[in-house]
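With the hints as constraints, model all of the structure from the sequences given.
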Amino acid sequence: MLGTGRRRSRGWATPAGALIGAVFLAVGPATKAAAETAVSCLIACPGGGPATVTLKRSIYTLSVDPGTHLAAWAAYRVTRASIGKSPRRKWRRDPDLPPAVGLAPRHFKGAHAALGTDRGHLVPLASFAGTGAVQTTNYLSNIVPQKSALNRGPWAALEGAVRRLARRPGVTGVWVQTGPLFERAMAPLPAGRPGHKVPSGFWKTVAVDTSSGLKLAAFLFDQETARGADFCAVRFALPLARLERRTGLDLFGAPNPVAGDLRPALGC
660 MLGTGRRRSR
670 GWATPAGALI
680 GAVFLAVGPA
690 TKAAAETAVS
700 CLIACPGGGP
710 ATVTLKRSIY
720 TLSVDPGTHL
730 AAWAAYRVTR
740 ASIGKSPRRK
750 WRRDPDLPPA
760 VGLAPRHFKG
770 AHAALGTDRG
780 HLVPLASFAG
790 TGAVQTTNYL
800 SNIVPQKSAL
810 NRGPWAALEG
820 AVRRLARRPG
830 VTGVWVQTGP
840 LFERAMAPLP
850 AGRPGHKVPS
860 GFWKTVAVDT
870 SSGLKLAAFL
880 FDQETARGAD
890 FCAVRFALPL
900 ARLERRTGLD
910 LFGAPNPVAG
920 DLRPALGC
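Numbering (my numbering), first residue to last: 660 to 927.
Derived from the structure by calculation, the hints contain no laboratory data. Honestly, I wouldn't trust all of these hints.
Label-pair ranges, simulated between beta-carbon atoms [said to hold, decoys possible]:
no.	residue 1	residue 2	range
1	A846	R904	24 to 30 Å
2	R823	R901	22 to 28 Å
3	G887	S717	32 to 38 Å
4	R823	H771	24 to 30 Å
5	G819	N915	26 to 32 Å
6	G769	A740	34 to 40 Å
7	H771	G919	36 to 42 Å
8	A772	L897	30 to 36 Å
9	S871	E842	33 to 39 Å
10	G907	R752	22 to 28 Å
11	P746	S859	29 to 35 Å
Don't be surprised by glycine CBs; every beta carbon is placed ideally from N, CA and C.
If you want it as structure tokens, here you go:
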């Protein structure tokens, strides 16, 4: 069972690498070869899975699956300096995606009324409102149809916990990987483009590199999760190996890193 106290922050070390401002576009199998230089990723970016279009930006790396027209995964690093007050959302189709891939604002029309979904961010707006690239989080490549209850409940609470951790003294970065899961058929967006899919769930890994070693937490939420659910609940936590089996992704490279439990540092 998870603990209820908060772990004090001591001796957090700085992972190698610094944010860069380039945009990288690649089409091909989702291997780690092209992604390992991405500073959004700790150790390695996710690999495996279907062929994707991978975008490397100054504040995140994101890989879009043409088969679902949604991101297969996104990776980013939250720091004290990157956090800010969320600006007004300006939804845009991702200008760096091929025309046949991804969604546009019109594809989300009527989705909330029909399905109860929000335009949910994979890379959170507030976590990068302190940067000059925050509006790239509103590109629809970074947006998923996510039920309002989940988006405004435990998902938002976990994002807030990540930001609180990033603000703690001595913490120089919190590394996150996240994406959708497609384990059962879901009703499509009423105005969605042909072939798109609505996720049945969402996953997230949160990691920090400390003087005593890597600390990691992995979470998985069903699309129908209640708004009042606690993201710290045992049912949302799972071992990294099990998450990789569920997603079909190699999340940190092989072999997987040996890591301590980060959940206490997230308030669990």
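Right, here's what the structure says about each hint:
{"no.": "1", "hint": "A846 with R904: 24 to 30 Å", "verdict": "holds, 26 Å"}
{"no.": "2", "hint": "R823 with R901: 22 to 28 Å", "verdict": "holds, 27 Å"}
{"no.": "3", "hint": "G887 with S717: 32 to 38 Å", "verdict": "holds, 36 Å"}
{"no.": "4", "hint": "R823 with H771: 24 to 30 Å", "verdict": "holds, 29 Å"}
{"no.": "5", "hint": "G819 with N915: 26 to 32 Å", "verdict": "holds, 27 Å"}
{"no.": "6", "hint": "G769 with A740: 34 to 40 Å", "verdict": "holds, 38 Å"}
{"no.": "7", "hint": "H771 with G919: 36 to 42 Å", "verdict": "holds, 40 Å"}
{"no.": "8", "hint": "A772 with L897: 30 to 36 Å", "verdict": "holds, 33 Å"}
{"no.": "9", "hint": "S871 with E842: 33 to 39 Å", "verdict": "holds, 35 Å"}
{"no.": "10", "hint": "G907 with R752: 22 to 28 Å", "verdict": "holds, 27 Å"}
{"no.": "11", "hint": "P746 with S859: 29 to 35 Å", "verdict": "holds, 31 Å"}
In summary, this structure violates none of the numbered hints.
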